[in-house]
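Same order as they appear, the protein sequences are chains S and X.
The C-terminal position of the first sequence is numbered 291 in my numbering, with every residue numbered one higher than the one before it.
The C-terminal position of the second sequence is numbered 291 in my numbering, with every residue numbered one higher than the one before it.
The set of hints was computed from the structure by calculation and includes no laboratory data.
Hints may be right or wrong, so weigh each one.
Note: identical chains are not told apart, hence a pair may lie in one copy or across any two.
Said to hold, decoys possible - Below are the SDA-like pairs computed for lysine to any residue, each with C-alpha atoms no more than 20 Å apart in a straight line:
#: 1; residue 1: 145; residue 2: 98
#: 2; residue 1: 2; residue 2: 16
#: 3; residue 1: 61; residue 2: 22
#: 4; residue 1: 262; residue 2: 13
#: 5; residue 1: 2; residue 2: 26
#: 6; residue 1: 2; residue 2: 27
#: 7; residue 1: 2; residue 2: 123
#: 8; residue 1: 2; residue 2: 30
#: 9; residue 1: 61; residue 2: 195
#: 10; residue 1: 2; residue 2: 25
#: 11; residue 1: 2; residue 2: 46
#: 12; residue 1: 2; residue 2: 28
#: 13; residue 1: 262; residue 2: 84
#: 14; residue 1: 145; residue 2: 229
#: 15; residue 1: 89; residue 2: 203
#: 16; residue 1: 2; residue 2: 34
#: 17; residue 1: 61; residue 2: 252
#: 18; residue 1: 2; residue 2: 129
#: 19; residue 1: 2; residue 2: 31
#: 20; residue 1: 2; residue 2: 89
#: 21; residue 1: 2; residue 2: 250
#: 22; residue 1: 262; residue 2: 119
What you are looking at is a predicted structure, and each value in this text was computed from that prediction instead of being measured.
2 protein chains.
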Amino acid sequence: MKTTLDCIPCFVRQSLNAVRMVTTDPALQERFLREVLQWMVHIDMHLPPPVMAQRIHRRLKEIVGNPDPYFAVKRQSNRMALELLPELKTSVEQDPEPLVMAMRLAVAGNIIDMGVSKTITAADIQNAINQALTEPLVGPLAQFKQTLSAARHILYLADNAGEIVFDRLLIEQLAPRRVTVAVRGAPILNDATISDARDAGLDQLVELIDNGSDAPGTLLADCSESFRNHFESADLVIAKGQGNFESLSREQGNIFFLFKAKCHVIAAHAGLPLGTQVLAVPQNEVSHERV
Amino acid sequence: MKTTLDCIPCFVRQSLNAVRMVTTDPALQERFLREVLQWMVHIDMHLPPPVMAQRIHRRLKEIVGNPDPYFAVKRQSNRMALELLPELKTSVEQDPEPLVMAMRLAVAGNIIDMGVSKTITAADIQNAINQALTEPLVGPLAQFKQTLSAARHILYLADNAGEIVFDRLLIEQLAPRRVTVAVRGAPILNDATISDARDAGLDQLVELIDNGSDAPGTLLADCSESFRNHFESADLVIAKGQGNFESLSREQGNIFFLFKAKCHVIAAHAGLPLGTQVLAVPQNEVSHERV
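The shape of chain S in the complex, shown without the other chains (with noise of 0.2 Å):
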């Protein structure tokens, strides 16, 4: 999907809770931002909301010196979920429809995301938990299913540290001998890495690869020809979190989507209201089943 107007105002925010989350430094604060500002200005609308981000973050990066500034974060979110696992392995495991209970804590766990909201709580992921264990999950279901039946091939695209424990959840419910995990190819944000998905014990479970690109999202062209190898011979690519929406709605294939609707713009792209667990196809091909 295209950048929006709306897309600016809430990169300009996103950009100012960013870096004072990695410095202190009031005046190494007003300077970023104006640098980001200087970039709106001229901002090309027709690529994805990614690409900024992508933008913002690498430069965040350069300013303050750290090549990681989410690290702690990351691993706190991790250890979070992983708390969390025990249980809700239950409540997949006692759930008549184990791989739908899944795939909506899988949903649940895209709650926790640095580019949205400042700080996630414990009780947010509480509450996102009790949404998934609760409120349907909205698009093709019968489609993805019968998708995934046929599948030999699947990559499974991860978002965030932290959420990425629950994909494994999901992951568990795929048969994972034909499942390749990929994350991003250097930190950004905090969205997971081959860390990451080893903290989720992803390792002893799938192929584990990364994408080459720093992007919060996966924009294909920069990623790595390698990773581009699996993306086109996967016969099934599971895509978590907005970012993956937002950089391949347009793709062609047998790509879904699984996230939750946090942003207004992303919402009205897939035709649904704010707060919505998603699964989507791409091209706005969304059906409004609910399971």
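Go by the hints and put chain X onto chain S.
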């Protein structure tokens, strides 16, 4: 008060809301937003926020070729408020402390602020009235009453259309013969001008002047000499709304600010929670007496 980093994303968001209110042309909206971003790159953070707001709204009027794009909104606000006036008058008259109740209702009227919200509904206004009827006004009330009882020349700085009808309740309690009400010198946002003061019936009650400036606040250097003379010679200035607080909070003299803290920067500056009904004096000398 100075502009803070938090004001920057807020200016960008307000600019987008404002341009959408006055034109449906996406190209014009985008062009305007890029212009605002360019100003933000070089914004002087030492100036109070109404300086940038003035620039934004001046340009908005120019770009859409309409000197008063909020005209219809202002008329509607006045009408909504006038319909409530008889009932509110009764609340004031029946209160054991009519002056204080009138102050609280004048603060309730401060919810009608298009700089903060995109739309104000009758329900928003009713909620603010309910808050006024039940929650305290926080500030140095005893000091205000003392200054008021000794005052011979009171200058009342109005804020927004609609709100100015609520102001009338308070002005009636002040012994109106000693009161001059000042409005903005030209249309800006939904700020009250002479015609709104007349809609509120203030021309029958007090001396009405305008401040000669089109800032959404009171930037003394931008005001007319005649207004500045009134300001200097008043022995009590009552300044309504955040814009007047932002622009006059560092001035000397018997100035009492009366507003609802609708923005977290201003609330923090006043040392009070968001949403508080505030009576404040210059230079952060906010007492937390509850009345």
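Going down the list of hints, with the structure as the test:
1. For the identical chains of this complex, residue 145 and residue 98 are intra-copy neighbours only, at 12 Å inside a copy versus 68 Å across copies, given an alpha-carbon limit of 20 Å.
2. With identical chains, the CA atoms of residue 2 and residue 16 are at most 20 Å apart between copies only, with a shortest distance of 17 Å across copies and 22 Å within one.
3. Taking the shortest Cα distances, residue 61 and residue 22 sit within 20 Å of each other inside one copy (9 Å), while across copies they are farther apart (39 Å).
4. Both within a single protomer and between protomers do residue 262 and residue 13 lie at most 20 Å apart by alpha-carbon distance, with minima of 15 Å and 18 Å respectively.
5. In the homo-oligomer, the alpha carbons of residue 2 and residue 26 lie at most 20 Å apart only across protomers (14 Å), although the nearest pairing inside one protomer, at 32 Å, exceeds that limit.
6. Taking CA atoms no more than 20 Å apart as the test, residue 2 paired with residue 27 passes between copies only; the shortest distance there is 15 Å, against 32 Å inside one copy.
7. Proximity of residue 2 to residue 123 under the C-alpha cut-off of 20 Å is found in neither arrangement, the shortest distances being 33 Å within a copy and 36 Å between copies.
8. Taking identical chains as interchangeable, the C-alpha atoms of residue 2 and residue 30 lie at most 20 Å apart only when they sit on different chains, with a minimum of 14 Å there against 28 Å within one chain.
9. For the homomeric pair residue 61 and residue 195, the shortest alpha-carbon distance inside one copy (18 Å) is at most 20 Å, but the shortest distance between copies (53 Å) is not.
10. In the homo-oligomer, the alpha carbons of residue 2 and residue 25 lie at most 20 Å apart only across protomers (18 Å), although the nearest pairing inside one protomer, at 34 Å, exceeds that limit.
11. With identical chains, the CA atoms of residue 2 and residue 46 are at most 20 Å apart within one copy only, with a shortest distance of 5 Å there and 36 Å across copies.
12. For the identical chains of this complex, residue 2 and residue 28 are inter-copy neighbours only, at 18 Å across copies versus 30 Å inside a copy, given an alpha-carbon limit of 20 Å.
13. For a Cα distance limit of 20 Å, the shortest separation of residue 262 from residue 84 qualifies neither inside one copy, at 22 Å, nor across copies, at 38 Å.
14. In this assembly of identical chains, residue 145 and residue 229 lie within 20 Å of each other by CA distance neither inside one copy nor across copies; the values are 24 Å within and 77 Å between.
15. Only within a single protomer do residue 89 and residue 203 lie at most 20 Å apart by alpha-carbon distance; the minimum there is 18 Å, versus 71 Å between protomers.
16. For the identical chains of this complex, residue 2 and residue 34 are inter-copy neighbours only, at 17 Å across copies versus 24 Å inside a copy, given an alpha-carbon limit of 20 Å.
17. For the identical chains of this complex, residue 61 and residue 252 are neighbours neither inside a copy (33 Å) nor across copies (44 Å), given an alpha-carbon limit of 20 Å.
18. In this assembly of identical chains, the alpha carbons of residue 2 and residue 129 never lie at most 20 Å apart, being 30 Å within a copy and 42 Å across copies at closest.
19. Proximity of residue 2 to residue 31 under the C-alpha cut-off of 20 Å is restricted to the inter-copy arrangement: shortest distance 17 Å between copies versus 27 Å within a copy.
20. Taking the closest pair of Cα atoms, residue 2 and residue 89 never come within 20 Å of each other, the shortest separation being 37 Å inside a single copy and 52 Å across copies.
21. With identical chains, the CA atoms of residue 2 and residue 250 are at most 20 Å apart within one copy only, with a shortest distance of 10 Å there and 44 Å across copies.
22. Taking the shortest alpha-carbon separations for residue 262 and residue 119, only the intra-copy value of 14 Å comes in at or below 20 Å, while the best inter-copy value is 22 Å.
Hint compliance for this structure: hints 7, 13, 14, 17, 18 and 20 are not met, and every other hint is.
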